[in-house]
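With the hints in hand, could you dock these two chains into one complex?
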Amino acid sequence: MSWEAVIGLEIHVQLATQSKIFSGAATAYGAEPNAQACAVDLGLPGVLPVLNEAAVEMAVKFGLAIGAEINLHSIFDRKNYFYPDLPKGYQISQFATPIVGKGEIKLDLTDGGQRIIGITRAHLEEDAGKSVHDLFPGQTGIDLNRTGTPLLEVVSEPDLRSASEAAEYFRQMHSLVKYLGICDGNLAEGSMRCDANVSVRPQGQEAFGERTEIKNINSFRFVERAIELEIERQIDVLETGGTIHRETRLFDADADETRTMRSKELSEDYRYFPDPDLLPLEITAAFVQAVRDNLPELPDARCQRYQQAMGLSAYDAASLSNDLDRAEFFEAVVGVCGNPKLSANWLNGELSAHLNNADVEIAASPVSAEQLGQLIQRIDDDTLSSKTAKQLFKALWAQANAESNVDALIEQLGLKQMNDDGELSAVVSGVLEANPDQVAELRSGKDKVLGFLVGQVMKATGGKANPKQVNELIRKSL
Amino acid sequence: MSEAKPTIDLAHLANLARLNFDPNSSESARADLEKIIAMIDAMQAVNTEDVAPLSHPLDGAQRLRQDLVTETEQRDNFQSTAPSTSEGYYLVPRVVD
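Those protein sequences? They're chains R and B, same order as listed. Take our numbering: the final residue in the first sequence is number 478, and no numbers are missing along the way. Take our numbering: the final residue in the second sequence is number 575, and no numbers are missing along the way.
There could be a bad hint or two in this list.
Only some residues are given here: those of chain B computed to face chain R with a beta carbon under 7 Å [stated by the list, open to error]:
id: 1; residue: M517
id: 2; residue: M521
id: 3; residue: A539
id: 4; residue: R543
id: 5; residue: E551
id: 6; residue: R553
Lysine-lysine pairs mimicking BS3-like chemistry, simulated, CA-CA at most 30 Å apart [claimed, not checked]:
id: 7; chain 1: R; residue 1: K446; chain 2: R; residue 2: K394
id: 8; chain 1: R; residue 1: K341; chain 2: R; residue 2: K446
id: 9; chain 1: R; residue 1: K88; chain 2: B; residue 2: K513
id: 10; chain 1: B; residue 1: K513; chain 2: R; residue 2: K79
Bear in mind the hints are in silico, worked out from the structure with no lab data behind them. Bear in mind the structure is a predicted one, so any value in this text is a computation, not a measurement. Every residue, glycine too, gets a C-beta built ideally from N, C-alpha and C.
Here chain B stands alone, though its shape is the one from the complex (with noise of 0.2 Å):
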């Protein structure tokens, strides 16, 4: 069914994943991941023209809260394992959109 190769951006991948790909081992995540769309791929040639996509594989509804708040201040304790806080503030490296 797939006629062309997939054409694998992966530089863009692994931006998006936030992955750093060993120069030497990019090449076989590349047959990974070619590998990986194949199956897709096979997935995708089933006729699911008229089957509901299913969101989840349990027959149940999301449970409801009550608006209430029931969490006390606990940021001393979460900051504790944090590497770098100041002022109340979570720190990182400087970021700048």
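Just chain R, same shape as in the assembly (with noise of 0.2 Å):
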């Protein structure tokens, strides 16, 4: 039997606030523990917690760019669970009534297709603090510096149909609120997590299996494996005549498998309430206009630009715009060089190569946006080959220096293309006359031949020769 794969994912994404969501306290990553911890994390008697306009913001900010309604009126509740790094007993969330509802995202396919994909909703919330369980013997020990921290939590609707679908709509997210800025989006350091709900059924058939819940993935990578192993696992326990169980699972990246983490006999029965403690928090229409005329630039936006304004192809202009840090490199070096296709070709070339050869993000590039647009320059003005300009971008690459001069380092290394009729003049005659039956025959009209004459000048060359010069120069000598 063929079956079909369902799944939903829940994803938490960070907002990039300073302050807590309901708290004056930092967010800063990497502090002391509990040193970012104050009394409203704490749950401390008598503390009141006052809500975050900048978490709105980006709460609102985030519902437009996926075209959602935006509830003017929506409501704080309590979510109650037991847990040491959650020291008031509860996690304020938003349950009925969440800040974003319905939207959707577009979902680019890799053979170049379209889905869209339903987001049910999104709504504001606080996270919980840190449990460290391998610091101290028989304890666990608990870091409440990320408590507070605000989430926007994004439950998309059960389109997704393979574990890549649903990889590609990370993907996608990432690079939506990266663009937005109310995302660092750094995986790392937990800034986006999801928790994927998944099940299977037969190819054709309407109705939904049972499904399971995986907590907690936090990377591209993982995403895809985790659930590529939950459906292989539904299906093999579906086709040996069992039964799947709803359940929530946890996935092992060592172990590379998921495992039962609580059956629902066990779940969590939250007993959400209105939290007392928050009134409701109303929006007004002026103000969801004002967030509307700062939206930046979209990825898709910025994809029909790079093809209509700049006449990259379709493939260019996708790969540069989905990331906002590799879209605002190509944008600087274009700022330098004024060329958008040789810029495209060079971005996703050789800087890609290098780029992914040493693992290194494109925002620490060791060739900066301004010596690439330099270089590329000197290869539109015939300064550089195409051979010599490889040769330089090793150099500028090897020295990973922002401030190293590229024309210097052209002069430096003896670079420049011989534009020099006479100069290479002489060398044209030296291999026309080394070469005579090639000669003859190309005087005879086989053009083909004009190749293997003009590849003989570069080698003498050593590649610094500007073949258009070449090729005018043999021409002219016959």
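Structure representation (structure tokens):
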């Protein structure tokens, strides 16, 4: 039997505010344990939460970007459960009335197609603290710095149909929240985490199968792998006559498996109720409009602009616009050299290859956008050939110094193209004399030999001759 | 209105609320809960079809604060009342999910 997977993701986006969602404590990553946990975060008696305006604005920004309805009236609820890293005994979240309602995201598929993935809702909530199990024998250490960090939980419809689609959706969400400037997108620091609801059903069947939830996945690769494994496991169970039970599972990357965390019988009953400490959140249409007026250019719009205003191919435009850092780097390069096509080629070619090899993010590229722009300028004005340009790029990469001057380096390395007719003519004559047979063939109209002769000249000049000029010189001397 | 007597899973409720019932008093707790549920049933019998849910009794809206860091570090102060701390962490009996 052939099976179809049905997947929905809940993505927790850590909002890039300076202070916490309900207190004035800092949210900076990497502080000493508990140095950023204030009385409100600790849930000490007598404290009151006060909502951070920036978190509200970021949630609205996100809602507008996915074309969602923004609820001008929303409610904060208490989600009750006991765990040592949740000192109040409840998490402040939004349950029945979230700030962001139904929206959608256009998913670009690898085969060039597009799918619409529904977003059920997005709500504001506070993060819990961190439990450390391996530092103190027989005890658990609690660090409450993360407590109260603002999160936007984005819940998708069960519209995803494969592990790779789910990973692509996660990737696109990552790109979007970075574009919006509402999240730093740092996966290693847990800035985006996701839970995946996974079920399978026989191809063609309408009804959903029983689902399981995989908790707390925090990388693109893990999203894909965890879901892939869970789909395989479920199909296996069903094909051997078993049944799937509703449960929460954990992805263990080292063991490369998902395993039961808690079964439904032990599942929590969160006993949600409106938080009496927080009055309803009322925002005005004017506030929403102000946020709308200040929305940055989003990936789709940028991709269109790269094609229409800069003449890039759909592929180049998409690959440059889907990541904000990459798009900004590209635009900085074009700003210097004024040649979008060549800039796209260099970014997607040489630069990407080097970055991938060294596993370096583009924001930390050893060759600056300024330098790459100047390098491309020197190709444009025939100072560099494509070959010497690559040599120069390697040198810039090795130096990893944003202060390095491109022109000085061209001089220093002797990479300047031979554009001087006199010097080049001498080399050309030498090559023609040494290859009388080919010259004769060329004279008799066999144009193919021209390539060979040009190649000989390039070889003799160490690649520094300007091929166009060599062509002309050979033709002239016949 | 409530025909069947509500069934109460006392052990489950006690676990959710992290309460420890003395076996001797669990029957009286069950009786109390049954009374409470009967009262809730009575309230739920009221027709609320055209009534919007009321989340808060006060007619007001949440005031927002600016996104500014206003708190200073007071860890030692806060931890002075904690039963057990080490290297800046609060320590609790080992819990593993």
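Which earlier hints turn out false for this structure, listed by number in ascending order?
-> 1, 2, 7 and 8
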